Amino acid sequence: MKARAQLWRRASDLIARLSDGGRDDEARDALLTDLSAYQAEHIPSYGRVVAARGPEAALPTDVFRYAKISSRETVHTFRTSGTTHGQRGEHHFADLALYEQAALASGKRWLFPDVTRMPLVILAPRALEAPDSSLTHMLELFATHFGSEATWAWRDGSLDQDALTEALSGAKAPLAILGTSFALVHAMEQGGGTRATLPKGSRVMQTGGYKGRSRALEPREMRAALSSTFGVPESHIIAEYGMTELSSQAWEGTLAAASKGHAPEPRRLRFPPWVRARVVDPERLTPCQGEGLLRVDDVANVDSVSAILTSDVARMHCDGFELLRRAAGAVPRGCSLAIEEALER
Amino acid sequence: MTSGAMTTGRVDAREVAARALELRATAKGLRDVDETALARLVAAMHELAVDPRLLNGLMGSTGLSRAMIEWGLRTTFESLDVDRIERVRDAAPGYATSPYRLASIVLAGNVFTAGARAMLWPLVLGLPIVVKASSRDAVFPHALLRALPPEFARCAQVYAFRGGREELERALFQHADVVHAYGADETLRALAPLVPPRGHFVGHGHGIGVAYVEAFDDADVAGLATDLAAYDQRGCLSPVEVLVRGSRETARRFAQALHEELTALDVTLPRGPLSRELSSAQAQWRGVALATAELLEGPHHALALEDDVPLPRGVGGRNLTIRASAGAEHAAQHWGALGASLKCIGVSRACLDRDAAPAPMHTRPRVCALGQMQRPSFDSHADGEPPSYGMVPTTRR
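Going line by line, the protein sequences match chains A and B. Residue numbering for the first sequence follows my numbering, starting at 1 and increasing by one per position. Residue numbering for the second sequence follows my numbering, starting at 346 and increasing by one per position.
I should point out that these hints are in silico values taken from the structure, not numbers from a laboratory. Just to be clear, a hint being listed does not mean it is correct.
To be verified - Ranges of calculated distance between the beta carbons of each label pair, as one might list FRET restraints: (1) B:A704 with A:K68: 33 to 39 angstroms; (2) A:K68 with B:H675: 24 to 30 angstroms; (3) A:T286 with B:M404: 23 to 29 angstroms; (4) A:E265 with B:G681: 54 to 60 angstroms.
Predicted model, so just to flag it, every value in this text is computed and none were measured. Every residue, glycine too, gets a C-beta built ideally from N, C-alpha and C.
Model the full assembly from the supplied sequences, consistent with the hints where possible.
Okay, here's the thing in structure tokens:
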């Protein structure tokens with residue numbers, strides 16, 4: 001218990017210390033090493049992976065569908081949305097404090113760097129409708145901590161176009177639209193091509209891919225469409241990357257750069273400095289250059305497993321990573337999938 | 346356009362349709378070929394199977410090892426002979442007077458030799474063919490076409506273009522009496538609506554193979570090792586899981602024996618490099634096995650021995666799930682949900698001798714001895730249908 005408490009405290013202190021963008025890779029890596037050792041000892045299934053692959057082993061995300069990945073009693077469980085392939089992955093939490101600390105720190109830095117609060121328009125279900133969605137939990141957090149008011153343009157499993165239209169048409173102050181990729185596409189389509197010109201300073205957060213289900217837009221095409229539809233400059237349209245198996249999220253930095261008057265920067269996703277992200281060779285599972293499978297080591301995953309191997313293909317850069325594609329054959333997943341299913345009804 | 350031609354590069358829909366119409370006119374001549382012509386065809390295919398130019402071409406296009414390609418070519422054509430062809434023709438007497446004049450064939454790219462049956466059976470049954478080779482690998486269809494004796498070559502055409510080009514696909518089907526399409530289920534769903542109303546669509550969709558073992562011996566182990574290794578587990582006959590009758594300890598003994606056999610095959614019949622997608626799926630699958638079961642890993646294979654947690658089936662690339670089973674009835678129930686996707690069940694000899702193969706209801710897989718899963722006889726049935734299925738209007742089992 002003491003060991004866990006110490007690890008938790010170290011993680012919380014590190015997140016707090018690095019929330020403004022400072023780095024301390026040595027402290028992060030030392031904590032990750034200690035976390036892996038602790039987790040291998042207390043989570044049998046991860047221990048088996050470490051016994052076979054070594055102390056640096058990462059746990060593939062699929063394992064969350066087959067084994068309980070937790071070292072403590074569960075008070076909350078997030079589940080993946082990959083409903084078309086059978087059992088869902090589960091991420092168990094003994095408490096959500098670290099998750100919330102990490103999400104709020106990153107949300108503040110990348111999505112709300114220039115405001116304390118603003119109106120939010122959210123294209124996703126609320127917690128009552130999706131109690132096990134980590135995305136919904138994050139959005140509820142944002143509504144509570146960053147929203148001067150929040151419109152949830154989602155009702156009974158469907159996009160609430162009327163609520164969305166009303167929220168946008170009456171906007172006098174800059175607002176933020178937050179939604180999954182497919183919900184945003186539906187919003188644009190159901191709006192029948194109607195364009196808004198949102199007040200200066202408005203922004204759009206886009207998350208989730210199209211999950212191989214239907215109409216997919218290239219990132220540039222999507223940004224251009226969102227910019228045209230909502231009258232928001234492309235610098236203020238940013239992607240967020242998260243997954244059920246992680247506590248921390250990656251964000252694009254163009255809005256933060258623009259809010260500081262910095263020159264436009266390349267579109268890169270970046271995890272916060274308390275997360276280590278690398279690409280690994282898909283067969284050897286060792287770090288590699290160029291393209292590879294995205295491996296994420298997240299200190300905020302204290303009570304589960306910090307070292308996670310995703311099925312996503314990425315290219316690392318010195319200032320973040322590009323998400324290239326989901327490796328084919330991987331289980332379709334993600335919040336955009338569940339929302340897409342709802343929109344088909 | 347030259348008869349028996351292959352076309353790469355830019356493909357024009359009008360040309361495709363025009364060529365298909367030309368091919369229809371060659372049907373009568375094709376039905377007049379005699380036994381001598383069939384013998385020339387068989388000889389040409391046996392020569393093709395050992396053609397070093399083809400071998401070199403396939404090494405570049407398939408990603409399979411040289412030894413694997415040689416094995417594939419040899420085992421594909423080893424059972425092609427005139428007697429077999431004649432037997433199939435005799436069992437489909439309507440072929441000589443069939444109103445069908447043209448078959449369109451859409452090939453998949455996962456197992457290169459699958460094109461052999463798909464292309465040759467229509468021809469020997471008097472049906473000219475217009476073929477779309479997979480854009481992933483068109484080497485084998487083109488080589489087969491080049492090797493055909495003239496009386497067959499003039500009745501065939503091969504195109505290669507990326508799938509999803511509707512205009513070209515419609516042109517391919519426009520004058521066909523039957524369309525045989527091989528590929529993923531979603532591919533078939535996309536193609537079927539493009540076939541004109543008078544055309545008969547025959548889909549050969551997604552499939553997997555499984556194995557069932559009782560009282561196994563060395564030959565069974567060696568046989569399943571070959572079945573798994575063949576084509577690097579890419580094909581719809583490739584086993585993705587094996588049920589071993591008995592306790593988990595029995596299954597472990599089998600797994601260990603299979604692991605040793607596969608380790609040897611990793612050297613003599615080496616696996617080719619994996620695609621990034623397959624490597625990713627493999628990493629996930631092996632991680633699940635490590636975390637919840639027992640994993641036996643070799644240089645280029647892995648066996649997951651299931652414990653209490655049900656494991657996913659093998660993902661390809663020589664990754665196989667092994668489970669203990671209560672017996673044939675349990676196995677049949679376990680595989681029943683696979684339906685039409687279940688293409689092949691390999692069984693141990695003891696099981697075959699007793700005619701005790703698990704046979705899920707409402708499925709029509711090919712049942713064979715271990716070691717034969719990936720080398721069906723050239724005239725064997727597929728999905729319970731004879732080779733003439735879909736080539737002749739009245740052909741049924």
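The hints, checked one at a time:
In this structure the hint that A704 (chain B) and K68 (chain A) lie 33 to 39 angstroms apart at CB holds, the actual value being about 37 angstroms. At roughly 27 angstroms, the beta-carbon separation of K68 (chain A) and H675 (chain B) lies within the given 24 to 30 angstroms, and the hint holds. Checked against the given bound of 23 to 29 angstroms, the beta carbons of T286 (chain A) and M404 (chain B), roughly 27 angstroms apart, stay inside it. As the Cβ distance of E265 (chain A) to G681 (chain B) is approximately 56 angstroms, the hint placing it in 54 to 60 angstroms holds.
Against the hints set out earlier in the document, no violation occurs for any number.
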